[in-house]
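Engineer: Sequence:
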Amino acid sequence: MVKLVLFDIDGTLIHTGGAGMKAFAHAFKSEFGIDDGSEKLKFAGRTDVSLVREFFVHSGIEASPKNFDRFFATYISLLEEQVRTCDGGIFPGIHRIISEMRQLPEPPLIALLTGNIKRGAEIKLNHYKLWTEFQFGGFADDHEERDCIAAIAKQRGEEASQCALAGEEVLVIGDTPLDIRCARAIKAKVLAVATGGHSLAELEEHQPDWAVADLTTLAAREILR
Numbered sequence: 015m016v017k018l019v020l021f022d023i024d025g026t027l028i029h030t031g032g033a034g035m036k037a038f039a040h041a042f043k044s045e046f047g048i049d050d051g052s053e054k055l056k057f058a059g060r061t062d063v064s065l066v067r068e069f070f071v072h073s074g075i076e077a078s079p080k081n082f083d084r085f086f087a088t089y090i091s092l093l094e095e096q097v098r099t100c101d102g103g104i105f106p107g108i109h110r111i112i113s114e115m116r117q118l119p120e121p122p123l124i125a126l127l128t129g130n131i132k133r134g135a136e137i138k139l140n141h142y143k144l145w146t147e148f149q150f151g152g153f154a155d156d157h158e159e160r161d162c163i164a165a166i167a168k169q170r171g172e173e174a175s176q177c178a179l180a181g182e183e184v185l186v187i188g189d190t191p192l193d194i195r196c197a198r199a200i201k202a203k204v205l206a207v208a209t210g211g212h213s214l215a216e217l218e219e220h221q222p223d224w225a226v227a228d229l230t231t232l233a234a235r236e237i238l239r
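All residue numbers for the sequence shown refer to the working numbering, where the first residue is 15 and numbers rise by one.
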């Protein structure tokens, strides 16, 4: 039985209408004077820290703690504005499946596994009134690599439940092949949902335990038993 469910954010829970990418681009321009800083970056499934590091490398900017701090301070201030003005939303079935999970006789812990830094995740999910649905999470502040973030999120689940969790007691829900990969890194089950930038066929090629177009009809009990 699954005791810990880890949700990805962008492309899985919500779409922000490009708010994150726009905030990235404006922060690159504001802090480092580069107009096309985000155009060549592939965002899906990546961590914020790895994206910024790639930008620094390609732009010949020192990847120093000071420069990371400069970027993220500006990014966060811009993200709040972009989330308010961009046309985003919650994907179909999200409220329903979370509610079903909570109503099970033995409900799992429900948490986050995301490439967002924690404050960025909070801004996005607060805007859509979802932040308080999640008990804890693993974030890009914790580690640059998504596979390691998955291990950290699992460890926090063990701390919260006060018991060790076997891989099959953890379920990762995400919309990219990188979500599937990080689930396998911690030997977790994985539900791939084609609400992001990858088609159902593309996701199925990576052999998730389940792959669905969206979360409108899938019963929580089917994936948590």
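Treat the hints with care, since some could be wrong.
[To be verified] With a straight-line Cα cutoff of 16 Å, these simulated EDC-like cross-link-like pairs (lysine to aspartate or glutamate) come out:
#, residue 1, residue 2
1, LYS143, ASP161
2, LYS201, ASP161
3, LYS17, GLU236
4, LYS132, GLU94
[Said to hold, decoys possible] Derived CB-CB ranges, DEER-like:
#, residue 1, residue 2, range
5, SER78, GLU218, 20 to 26 Å
6, ILE90, ASP49, 28 to 34 Å
7, ARG98, THR146, 14 to 20 Å
8, SER44, CYS177, 25 to 31 Å
These are calculated hints, taken from the structure and not from any lab test.
In this text the structure is predicted, and so the values were computed from the model without any measurement.
We treat Cβ as the ideally placed atom computed from N, Cα and C, and that holds for glycine.
Engineer: Each of the hints needs a verdict: does it hold here or not?
Structural biologist: Here is how each hint holds up against the structure:
| no. | hint | result |
| --- | --- | --- |
| 1 | LYS143 <-> ASP161 | 27 Å, violated |
| 2 | LYS201 <-> ASP161 | 11 Å, holds |
| 3 | LYS17 <-> GLU236 | 14 Å, holds |
| 4 | LYS132 <-> GLU94 | 13 Å, holds |
| 5 | SER78 <-> GLU218: 20 to 26 Å | 42 Å, violated |
| 6 | ILE90 <-> ASP49: 28 to 34 Å | 21 Å, violated |
| 7 | ARG98 <-> THR146: 14 to 20 Å | 19 Å, holds |
| 8 | SER44 <-> CYS177: 25 to 31 Å | 46 Å, violated |
Hints 1, 5, 6, 8 from the list above are not met by this structure, while the remaining hints are.
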